[in-house]
Each structure stands twice: as structure tokens, then as C-alpha cells.
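One letter stands for each residue in the lines below.
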Amino acid sequence: MNVILKTEKLRVEFKNREFRQSPKIALRRLDLEVNAGEVFGFLGPNGAGKTTTINVLLGFVQPTGGSASLFGIDVRQPIARQRIGYLPELTYYYKFLTAEELLRFYSRIFSLPRAEAERRIDAVLKLVELESSRKRLIKTYSKGMQQRVGLAQALINNPDLLILDEPTSGLDPLGRMKVREIIQRLKNEGKTVFFSSHELGEVETVCDRVAIIAEGELKAIGRVGEIVGQRASLEKAFLEIVGYQTQTAP
Amino acid sequence: MNNIFAVAGVVIKELYRRKDFYVLFILTIVICVIMASVNIFNDNQIIRYLKELCLLLIWISSLVIAITTTARQIPAEREQRTLLPLLAKPLSRAQLIFGKFLGCWLACGLVLVCFYIFFGALAASREHTWPLLNYFQAAFLHWIMLGVVIALTLLGSLVFAAPSSNSTICFVIVTSIMCIGRYLDAVALSLPEPRRSIVYSLYYAIPHLEIPFEMRNLIVHDWPLIGWNFVALDALYLLAYTAVFLVAACLVFRRKAVN
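Chains R and Y are the protein sequences, given in the same order.
Those letters in the first sequence? Residues 1 to 250, by this note's numbering.
Those letters in the second sequence? Residues 1001 to 1259, by this note's numbering.
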């Protein structure tokens, strides 16, 4: 298998702002491997370290220990990001630009030739179903449309690896369904998708493999079927793995 | 360079799609046209006052536009979270800083062209002359000086979290330098040690922005052109300060967590 994303003994500590307090450990010895062509779900409760892991992969946060690489290149080098697309959680894109202008701007950063950029803009706007609104300012878009613009910008360079941070967060069921369809389509095209989510039903539907982390530690990794095992659903498995005790009324 | 120009292009688009510039430009026109239409004390030389007022408004407007536009660049990117998808692309932090600087600087250059054309037209309506080279010298040094202000504000936007506090601090620093910076050496002479050395050090450390500011007098009083070598020397002096502030901004931004 061709490993595209890899972390080895990844550790991230944040300094505590309070005087003489020990640093906060966000990740402890995280080992992950994502293979080419798979859809990988990254699960965990709030504050588990999902976004910190993504921030390290994108070079936003320097690891305290261990290493992380994309396509075999250390994530601290900007060139490691040439073949990836990234959709952050809840981003409000430049309100004064149209979707077309936004995508043209991002395609310039990838140094796409003009004709190729125009072809990619047409293709991604069609994929996210924003063709009819391409010349409208982004400030007039609904939340779902903004999220789809985000997905379009993540795909502008035809990336081999797509990193999505809670892509359906804050969307209505229809919006969620559309994003899920797009991920499914990308999977069919052979793209590698790494995404964090709280929507376990969605993860169960689209992911080949999942990893569950809690308190910065990897708790489980494997195929969805393996993780679920004898339990009723992925939700039950998730709650059990993260150590949640169900409360029963007296 | 491609990345720097791409970022700069977005900054310029932002400026002409927002209302700040239009409001200040229209306000300047309205004030100057009203002043020009009134005959005060039957003074034939009233055009000098009018030119002085118009140039003062241009200076205030250009500083307001330069500082407020620059101060919101990085904080807005952080607040709207657009910084994340941007830096997730093959764009270095230094390229982002230089792109933001270039965008703000070029946008301010376009603003100055509009303002100085209006000024020229206003002056020509009374004096019937177009001293283009004088206007060029004044506008050029004005623009180069705005480079220092923009670089300083960009550095401030990485240090102070709120754009409003950064704008206020930068505005106070810049106007203080323009108005009292040149007198610091004289003040130092009257002080005992060690305050004398401190004020002297300050005098030599601050960027002296008064020469572009005093170029107003050349065009208000129709004085002859100043030497081009002097213009070039002052431009180099100001560009050196711009470079220092930009390098400092890159160093600060390099250490900053973006999440």
C-alpha cells in the first residue's frame, strides 16, 4: 500500500498561560497511516486533538515531538501542501469576491496555467453545484453554499489528498447529504480523503477506515466493521472506546 | 512573486469594493468645492489656503485609508478563518506578508492618483497652470512614505489583536513623527543625561517622515522643484525603513500560531 499521510509518535504540547502551570498536552505519541485511495474518518470527542492533528499536518502548529509527513515530505516544507486540498471548519470566505474570483485567486497560488485554471474552475463549480451563482458575491451565499465554495477551493488543484475538518458542521440535512455525495464521488475517482467528523452515521456510510482518538491518544484504528465488532452501531462502539458511561435513571 | 501578486490582487479588489475610499474622496471633494466657491475677504491669494486645506485633507484621508486597510488585513483573515485555507496552500507566511504589503501599497498609490488629479484640477481652475513635475514629486514621496506607514501597521497587526487598537496606535505614532519628530534633537539638547541620550537615540531611530509631509509647502507656495537626487535619497531612506518593518513582521508572523 502507498502511504500518503503518516504521523509517527506525534506529540504536541501547548504552553499554559497561567503561571507555573504544566503545559497542556494536545497529542501524545500519535501514530497514523493513511493509504492512497481510501476515505479515512478521524473521530473523537470535542477537545480530543483532531483539529490539532490536522493543524500539524498543514504546518500551522509545530509538533513538540515525533514527525508528520504528506507524500513522504515533512509537513514543515510548503511543497508538502502542493498536492493537498483543505476544507476548514466554518470558514467565511472573502465576502467581496465572487466564487469564480475566489477560485481564480487560489488557482494562481497553485501556479495553474490560465487555461487549466479556467477548466478546473468550471469543473469544481459544476461538482459543487454552484455554476449558476458563480458571478455572485460570496456575501450573498447561504451557509450551505459557502461550505460548497469551501469544498470547491479545496479541489481547485485536483488534489491527491483531501483534508476535511468537520465538513458538514452546521449544515442542514440537505447540505450534509450534498457534501456526503461529493465525498463519495471523490472516493470513486480514487482520491484519498482524510476527514474529521462528529457525524458517526456519515462516517459509517463513506469511510473505509476510521481512527478514534480521545485526550490526545489513539484509542482505536481499523475498518469500520472491525471497530463496530459485536456492538450495535459505530456510535455505541465510539462511546465505549472513548470511555463514556451511560447514565441510567434510578 | 506569483503568489505575492495573487495576494496583492485580492487586497486591491477589497479596497475598490469597499466604501471607505469613496466616502473620504467625496468628503474631500465636497469640502474643497464648498471652500472654493466662497470668496473670503476678497483675497486674491485665497487659492493658497484652499490648496493647503485640500492637501491636508488628502494627507489625512491617505493615512486613514492606509492604516485602516492594512490594520484589518491579517486580523480579518484570522477572524474569518480564511488564513487557514490560504496557508494550507503552497504559500509561505513571508509571501503572505509581502503580498498584503504590496496590495495595500499599490491600492494607496491608486488612491493618491485620484486625490492628486482632483487637487491638480482644483488648483488649475483658479491658477490655470499644471506644474506636473511638482505634483509628481509630492505624490511620489507621499506614496513612498505610505509604504513605511503600511509596513509599520502590518507589523502592529501581528502584535496587537484588535485592528482598532492597532489603527489608533499607528495613527498616533505616525502623526507624532510627522509633527514633532524633527524637533527631538533640539529637545534632547535641553535635557540632562541620561534622558538626553535616550531622546537622541529616539531621534535617530525613528523614520523621519517630515520631508514628504513638507512637500505640501512646495506646491502650496509654487516653489521650484527640489533636486531629483534628493528625492531619490529620501525615497531610499524611507524604503530602508519599510524593509526593516517588513522583515520584523515576517519574523513575528513566523513564530505565530495561526489556529
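Keep in mind the hints are simulated off the structure, nothing from the lab.
Any given hint could be a false lead.
Pairwise CB distance ranges, derived in the manner of DEER restraints [unchecked claim]:
1. Y:Ser1164 <-> R:Leu137: 24 to 32 Å
2. R:Lys139 <-> Y:Thr1129: 39 to 47 Å
3. Y:Leu1225 <-> R:Gln62: 47 to 55 Å
4. R:Ala115 <-> Y:Leu1236: 47 to 55 Å
5. Y:Asn1229 <-> R:Thr140: 52 to 60 Å
6. Y:Arg1254 <-> R:Glu18: 19 to 27 Å
7. Y:Leu1239 <-> R:Leu137: 48 to 56 Å
8. Y:Ser1164 <-> R:Arg119: 39 to 47 Å
9. R:Arg20 <-> Y:Ala1248: 53 to 61 Å
10. R:Ile79 <-> Y:Ser1164: 32 to 40 Å
11. R:Arg119 <-> Y:Arg1017: 20 to 28 Å
12. Y:Ala1248 <-> R:Ile79: 45 to 53 Å
13. R:Glu235 <-> Y:Thr1168: 30 to 38 Å
Beta carbons: idealized from backbone N, C-alpha and C, even for Gly.
The hints, checked one at a time:
1. Y:Ser1164 <-> R:Leu137: 24 to 32 Å: holds, 25 Å
2. R:Lys139 <-> Y:Thr1129: 39 to 47 Å: holds, 46 Å
3. Y:Leu1225 <-> R:Gln62: 47 to 55 Å: Roughly 54 Å apart at Cβ, these two residues keep to the hinted range, so it holds.
4. R:Ala115 <-> Y:Leu1236: 47 to 55 Å: At roughly 41 Å between Cβ atoms, leucine 1236 of chain Y and alanine 115 of chain R fall outside 47 to 55 Å, so the hint is violated.
5. Y:Asn1229 <-> R:Thr140: 52 to 60 Å: holds, 53 Å
6. Y:Arg1254 <-> R:Glu18: 19 to 27 Å: holds, 26 Å
7. Y:Leu1239 <-> R:Leu137: 48 to 56 Å: Because 36 Å falls outside the window, the suggested range is violated.
8. Y:Ser1164 <-> R:Arg119: 39 to 47 Å: holds, 43 Å
9. R:Arg20 <-> Y:Ala1248: 53 to 61 Å: violated, 31 Å
10. R:Ile79 <-> Y:Ser1164: 32 to 40 Å: This hint holds: roughly 38 Å between Cβ atoms.
11. R:Arg119 <-> Y:Arg1017: 20 to 28 Å: Since the Cβ atoms of arginine 119 of chain R and arginine 1017 of chain Y sit about 27 Å apart, the hinted range of 20 to 28 Å holds.
12. Y:Ala1248 <-> R:Ile79: 45 to 53 Å: Since the Cβ atoms of alanine 1248 of chain Y and isoleucine 79 of chain R sit about 26 Å apart, the hinted range of 45 to 53 Å is violated.
13. R:Glu235 <-> Y:Thr1168: 30 to 38 Å: violated, 51 Å
Taken one by one, the earlier hints fail for this structure at numbers 4, 7, 9, 12 and 13, listed in ascending order.
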